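Given chain A, work out where chains B, C, D, E, F, G and H should sit, using these hints.
Listed below are the residues making up each chain.
Protein chains: 8
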Amino acid sequence: MKDFILDYERPARIGLGEAIFCAGKTPAQIDAIIADAERRSSLLLTRLAPEVFATLETSHLLDYDPLSRTAFLGPVGTPDKASLEIGIVTAGTSDLSVAREAARTLQFNRSPFTLIADVGVAGLWRLLSRVEDLKRMKVIIAVAGMDAALPTVLGGLVPGCIIAVPTSVGYGVAEGGHAALNAILSSCSPGILTVNIDNGYGAACAALRISHIAT
Amino acid sequence: MKDFILDYERPARIGLGEAIFCAGKTPAQIDAIIADAERRSSLLLTRLAPEVFATLETSHLLDYDPLSRTAFLGPVGTPDKASLEIGIVTAGTSDLSVAREAARTLQFNRSPFTLIADVGVAGLWRLLSRVEDLKRMKVIIAVAGMDAALPTVLGGLVPGCIIAVPTSVGYGVAEGGHAALNAILSSCSPGILTVNIDNGYGAACAALRISHIAT
Amino acid sequence: MKDFILDYERPARIGLGEAIFCAGKTPAQIDAIIADAERRSSLLLTRLAPEVFATLETSHLLDYDPLSRTAFLGPVGTPDKASLEIGIVTAGTSDLSVAREAARTLQFNRSPFTLIADVGVAGLWRLLSRVEDLKRMKVIIAVAGMDAALPTVLGGLVPGCIIAVPTSVGYGVAEGGHAALNAILSSCSPGILTVNIDNGYGAACAALRISHIAT
Amino acid sequence: MKDFILDYERPARIGLGEAIFCAGKTPAQIDAIIADAERRSSLLLTRLAPEVFATLETSHLLDYDPLSRTAFLGPVGTPDKASLEIGIVTAGTSDLSVAREAARTLQFNRSPFTLIADVGVAGLWRLLSRVEDLKRMKVIIAVAGMDAALPTVLGGLVPGCIIAVPTSVGYGVAEGGHAALNAILSSCSPGILTVNIDNGYGAACAALRISHIAT
Amino acid sequence: MKDFILDYERPARIGLGEAIFCAGKTPAQIDAIIADAERRSSLLLTRLAPEVFATLETSHLLDYDPLSRTAFLGPVGTPDKASLEIGIVTAGTSDLSVAREAARTLQFNRSPFTLIADVGVAGLWRLLSRVEDLKRMKVIIAVAGMDAALPTVLGGLVPGCIIAVPTSVGYGVAEGGHAALNAILSSCSPGILTVNIDNGYGAACAALRISHIAT
Amino acid sequence: MKDFILDYERPARIGLGEAIFCAGKTPAQIDAIIADAERRSSLLLTRLAPEVFATLETSHLLDYDPLSRTAFLGPVGTPDKASLEIGIVTAGTSDLSVAREAARTLQFNRSPFTLIADVGVAGLWRLLSRVEDLKRMKVIIAVAGMDAALPTVLGGLVPGCIIAVPTSVGYGVAEGGHAALNAILSSCSPGILTVNIDNGYGAACAALRISHIAT
Amino acid sequence: MKDFILDYERPARIGLGEAIFCAGKTPAQIDAIIADAERRSSLLLTRLAPEVFATLETSHLLDYDPLSRTAFLGPVGTPDKASLEIGIVTAGTSDLSVAREAARTLQFNRSPFTLIADVGVAGLWRLLSRVEDLKRMKVIIAVAGMDAALPTVLGGLVPGCIIAVPTSVGYGVAEGGHAALNAILSSCSPGILTVNIDNGYGAACAALRISHIAT
Amino acid sequence: MKDFILDYERPARIGLGEAIFCAGKTPAQIDAIIADAERRSSLLLTRLAPEVFATLETSHLLDYDPLSRTAFLGPVGTPDKASLEIGIVTAGTSDLSVAREAARTLQFNRSPFTLIADVGVAGLWRLLSRVEDLKRMKVIIAVAGMDAALPTVLGGLVPGCIIAVPTSVGYGVAEGGHAALNAILSSCSPGILTVNIDNGYGAACAALRISHIAT
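Chains as they are written, first to last, in our numbering: chain A, 1 to 215; chain B, 216 to 430; chain C, 431 to 645; chain D, 646 to 860; chain E, 861 to 1075; chain F, 1076 to 1290; chain G, 1291 to 1505; chain H, 1506 to 1720.
Same shape as in the complex, but just chain A:
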C-alpha cells in the first residue's frame, strides 16, 4: 500500500497545481512521490532542504532553488499575461527567502509578479518612494519579520488587497516570528490578511485564488 495519495484533480477542483510539503518526509518518500507524479503531472515541492535535495535519487528531474527551498517537477510555462500582476514587497533583505517561496509558487502557476525588496518602515522614505507603484497593484504580498510594521503602514496608503506574511527573522521576543504574526493580526489598518509564519507558498496560493476572481 502506498504511503501517499496525490491529488491530480486539484487544479480542476480549486485551480491550484499540486504541491508537496517536503519537511518531515524521508528522501525515500519524496522519491516515491516524484516517481508517481513524473508522467502525469507537474509538481511544486516546498520546504525541500538543500541537504535533503542532495540525497534524492530523482534530483536530476527537478528545477531546484536553494534560497526558497523549492523545486519544480516538469515544465513550467511562461507567465499568463491575462492574469493580474501580483506585487511582492519585503521589509528587509532577510525576508527574501520567504518572498522567493511566494514568487516561485506564482511562477509555477504561471502568474506574473513584481518583487520590491527592503522597503521596511524604519526607513520610511524607502516605502514612500514606491507608493505610486504600490497603489496600482491589486494584490500585494507583504513579507515582514520582527515588528512587521510594513503591512499596517501599507494598508493605510493603498487600496489593494494586502496579504501579509510574517517571517521568523529575529531574536529574543521576535524569535520564531510570533511577534511579527501577532503584530499583523493586531494591525490597526482595516482588512489586512495573513497566513502562517514564513508561509510564502500559502500567500501565493491565496493571491492566485483572488487573481482567478478578477480574470
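For the record, the hints were derived by calculation from the structure and aren't laboratory data. Because the structure is a prediction, the values reported are computed rather than measured. Every residue gets a Cβ at the ideal spot worked out from N, C-alpha and C, and that includes glycine.
To be clear about the criterion: a stretch of chain D counts as covered by chain B if any three or more of its residues have a C-beta under 8 Å from a C-beta of chain B, and this derived list gives those stretches:
{"no.": "1", "stretch": "648-658"}
{"no.": "2", "stretch": "666-674"}
{"no.": "3", "stretch": "816-826"}
{"no.": "4", "stretch": "835-846"}
Then chains B, C, D, E, F, G and H, alone, in the frame of chain A:
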C-alpha cells in the same frame, strides 16, 4: 486640542468607509467623535457594548445592533448590485455574533452578501449539502471557533478566496480562540487567509478590498 | 545499586508488555536494561534514535525499525486473531513515523491492525472513499499534524472509538504540534480522545486497554 | 433562515444523542433550538449557566441541574443494564461539577455508572482502599485538577481504559487547568487518554463509544 | 508594626518624588499611607481605581483624575521652565488613559510636556503632518497598543530619545498588550526603549531621569 | 455517599493539621465538611472568599480573617515556644494578604513567627537595616511580587533556608505572578526554594516540615 | 580589568562553597576563573559540557563527572557524619543526570546522602516498598520529569521536607520540563518545595541550608 | 534589482551610523552590502556569526570581534571626549558577549564608555563597592540574565538613566531570557527602561540618542 483625528479621506484613499473601534474609549470620547462626524460623514462603530451604547448622549443618532455590537451613524445605502456577492458561513450558532459584525460591515459599505449558518464539519452532511452554492461564491468569509476545521475542508472543495475568522467560542484550550486561530494558520488547504480572533470587521474589509479588484 | 527497576509484573497487572522510553537515557543505561531483561522478558524500546542504536553493545539482540525509532527485544508472536482489529489512519505522509510507532506497539502486543495513510480532509474525497471501511472499525487511531482536522470530521462520520494523535509536523504556529493538539482537544465532534504529541506508543496502549474490554 | 441545524440523525450515525453547547449562545437562540427539537427528539444541553437558564422562555420544559450546568429536554429512560458500567472517580470535591457533567451525559444516554469522590493521591490511602473496586471497572473517567496525579497512579494499578479529565480547579500556575492537562498528557502510565479541560461531556461520550464496542 | 515604609529620601537619592502603587492595597492600607505622608511629603498615587477612591476616608485630601486613575496628595508646583519639554504622542484615542498617567507623573514632578493624540501610522498623514514638531522634541513618550507600529516609524524619522509604552488596548492576540509589547521590543528602528504594558508612570519616570541629565 | 473524605490521620502521618481549600467548592459542600469535622478535629480553611463565608450556615463556628481569606474551626492553641521561630518578610504592602495566609497557617499549627513588611530591594536601605535580624532567622518565608528581586538579594546575605512566595501583584507582564515566579526560579542565589504563586499556605507548611526536623 | 569577581567569603557568609555556572562562559573565561581560584579555594563547576571540558587548558586540575556535567577544583573532603543524611529519589532512570548534579553538590559540601533511583508512581509498588526508608529521611530531594507525580504521592506519605526537582525529560507538552514544574507547583500535597527545571545544584544547596539548621 | 537599500542619510536624520543585522542574510547578500557601502560609508555589522564571517569574500575589509559577533567596515574614530561617558555593568561573566555588543556599538559611534563586569546582586557587596562610581554615571546600560535583579537594585540607588538589557543566559524557565525580560519590565524601581533580549546594539543606540540630548 482634540483627542482624536477622523480620517474623512479614507474612502477616497483606500475605498473603505471610516470606522471607529469603541472598546477602550469612554462614552464622552465616543460622543465627541460622533458629534464631529455627524454632519460630514457616515460612520461605522464597532465593539460598542450595549452598556456603553446605553450611556451615550448621541445614541439616538445611531442604528444599533446588539448581537454584533455595531452601530451606523448616518444613512446606509442599499447594496450595490454591481459588486461581488460575498458569502459568509459559520461553523456553529455561537459564531453568529462575529459573522454579523462582518455582515454589518459589508452592509455599511453597500456590498451584497449571503449568510449560511451552522455548517461545521463535525456534521459533514450539513456542509456537503451546500457545496454547490459555495463553489459559486468568489469570496467566502468562514467563521469558526474551537478546532476551526471548517476552513480547511472548505478550502479543498471550492476555488474561491477564503477568509477564515477564528472565534473565541470555547473553553479550556479553546478559550480565547487561540486554538482556532492556530488551526487556521496551520491549515493543510492551500491559500486560506485569516484575520485576528473575532475580527468580523477586518474580514469584511478584506473582502471589500478584493471585491473592488473584481469590479 | 541499580539505576533502574524493571516491571516484570506489568503484563499481569495491567495487560501491557514492559516498554522502555530511551530518550534521555545513556547507551550504557540502555545496555544495562537490555542485559537485565534479556532472559526474563521481551521488551519494547521506544524513542531509540538511530545514532543511539548504533552505539549500543546489545544492538544485535534487537529488531530495530528506524522510521518509528522502536526496537523489539525477544520474540514477538503473531497477531492474536481473537482480538479487535485496530484501525490506524494518517492525515499525511509526514505522520507515518508516529503511526508506525503505534503499529509497532500493537505488533509487540500481538494486536491485529490496518493502516490507511494520507487521507487528510484538505482533500476530502480521499477520506470519503474510505468511509465504509472506517465505519466498521471499532477503535481508530487517527494521526494528524498541523490543523489536525481529520479526527473531527471522522468523529462525525463513524461510531467507533477515536484516539487522535497530534503530530509535531509543521512550522510557524504549527511547530511542535501544539496547534494540532489544541485543535483536537477543542474538537466539535463528541467523544474524541487524545494523547501527547507524537505519542503513537500511548495511543496504541490505550487501544489495547479498550481491546481487552471487548475480548 | 434559521441560525442552527439540528442533527436528528446523529444517534443513528454515531450512537450519541444530540447535545447543545449553550455557552456563547443567546437565550433567544437556545429557546429557538428547544422549540425546534421539542416534538422530534430529546436533547442534552450543556454549559447552561444558571443565570441563562433563568431567562429562558422554555425553562419549564427542562430538567435542569445547576452543579453540572446541564439540562435534559424530553424524557430520559432508565439505565440500560446490558451496558458496561462506567466508573467515575474524582481527585477532590472541587472536581464534582465536572464529574457530574459526565454523569448526566451518561444518564441521558442511558448508561449505568458509579461515582467515587475525593480519592486524590495526596492521601494515597483513600485510593488504595478502593483499588479492588476500580480493578473491576472496564472504563474509568478520572477527573482531577491541579497536578492531576490521580490518573497516573491509577493507570499503573488497573487494567481498564482510563479517560482522564483535567479540571480548571486551582490558582497560580494551576489556573485554568493547563497544568493538570499537561501533567495528564505527560503521564508516565501507558495508555492514559484525555479530553479538553473540564470536558466531562466529552469524556462521557468517549466512554459511550467504548461501551458500544463491548456490548 | 506598620504595614509599609515610605521612602522620604527618594527625591534626594534618585530625583523622583515618592509614589504609591494602589492596586492590590486595601482602602485601609492606602488611608494609613496617606495619613503617614500627609504632613511630611507630597505623594503621587497611581492605579487608584474610582471605586477604591470613593471608599477612602482621606479622599478629600487628594486631587484625583479618573481617566488616568492617579491622585496627588499635597500641593503640586508649576512646571519648571528650565527643564526639557517632554513629548507624549498616542497612536489612538484609546491610548489616552495611559498617556495621561504619564502626563500626570510629569506634572507631579514639575516637568513641562506636550501631548499629541491619535497619530497612529495606519493613517500615516496624521503623523507626517507633525514630523517637524516631533523632530524638535528631545524625549518622546510614544503610547501605542495593538500592533504598536508608531514607535518604529517615529524612530526612523526623529533623532530624539523614544520611550515606547505598549497599551493593553485590543482583543484576540492583541489582548493584554503583549502583541504591542513584543512588536516594540522587536522594532527595526535602532534605539527604541520600552517599559511594561500600560506603564505610563514608568515611562514618565524614565523621561525625568533623562531630563535631569540634560539640565 | 459523601462528596469528600477528611484525612483525620494526617497530623500523625505528616505532622500537619487538616486543611480545606475552599475555592471551587459550593457553600453546601463547605458546610458539610465543617459539620463532619466539627466534633472530631480542628480545621484550617483557606481561600474562603468573604462572599462565600457570608453565605455559610456554619460561619458562626469559624474564626475568620478576611485579608488572608482563612478561617479556623475549633480552638487554636498558643505558639509552641520550643519550635523554631519562622521569619516572614514581604517586598511590599500589597503582598500582605499572602504573607498573612502563611502567618495564619503557622498560627493554626502553633508555630511562632515574626513578620517584617515592605522591605523590597528597590529601596535597598529598608532591607539592609534589618539584615542582622534576618541573619538570625533559620527559616524565612520571603513574599514578593512583580520582579521578586528580594529573595535573590536575601539569599546572598543570610545563611538560613529561604522559601520564596511569588505573588500575583502587578499588571502587564507581571499579571498573575508568572514574572515573579520565573524570576525566583531563575535566581542567581544558591538554594532559594519556592511554591506556587500566592501560596502562603504551602510555604508555611514547608516551613513547618523544616521546623519539625530541627526540634 | 577582570571579567569576573569570585566570592571567597561566601562560605563564611551563607555556608555554601563557591560554585561557577559554566554554561554561557567561554573556555578562556573558565580557565581564567580556575587560575584565579586555584590557590585560594576549592570550587564546584556546574553545567560544564563535555565538549567544553575537553578544550579547557586547566582540565587536568579538575575532577570531572560527565553524567552530571560537574567538576571539582581542589580536594573534596569526606562526608561530615554529624550532618543530616539527605535522601535523593528519582522517578525514572532518565532523571539520574540531574540527581547526580545534586549528589555531587552535596559531596562537594561534605554532606552525606543516599540515592534511590526509578521509583516513579506509575509503578506504585516500587515506591511503596521503600516507604519506611523514606519516612526516616528528614530532607528528600525528589527528582521527576514528565507528569512529576512522585513528589505529590511522597508528600502525603512522609513527614520530611521535600524539595522537588522537575526535569526536562519528555517530549510534546512535557518538553523542557514545564509540565513537570507546573505539576509540582500545583501539588495537592501540603508543603512541597521546588527549584528551577533540572536544577539539581540548587536543590542540594537548599538541602544544605536546611541541614545547617538542624546541626 | 538589488536585494537591499542602504540608508546613507541615517546619520544626518537620526544621528546613528548605518548598521546591518546579519542573522538571516546569506554570505552573498552580506558581501553585496559591503561592496555597496565600501566606498561611501563606514558600517557596523551585528550578529555576524564566526562561521558566516569565515565564508565572506569581503572579510579582509572588516575589523571583527568574535565574542560580540560584530564587525566594523571602514575606519572608526577615537572616542569623542565631549560626549557623555556611558556606563555598562553586567550581572555576571556570561553577560559579557551582550555587553560587548553594546560597547562595540558605542565605539563605532565614537562614544566613550566604562565597563564594570560581574556585579550581580546575589553577592551584593560587589555592587555596593561600586555605588559611588555608578552614582556619577548619567546613563547606565545594565546587562543581566536569569532573574535580572540588578537593574531593580541599581534603580533605587542611583539617579541616572538605566537601560536594562535582559540576556538569554540560563536554563529551565530562564531559557531564552524571557524570565529576565519580564522581571525587568516588572521592576519595582521607577523609570527602568529596556530593550529586546540580548539587544546590546539597541541599548547602545538608545544611550547614544540620550547622549545627543545632553551634548
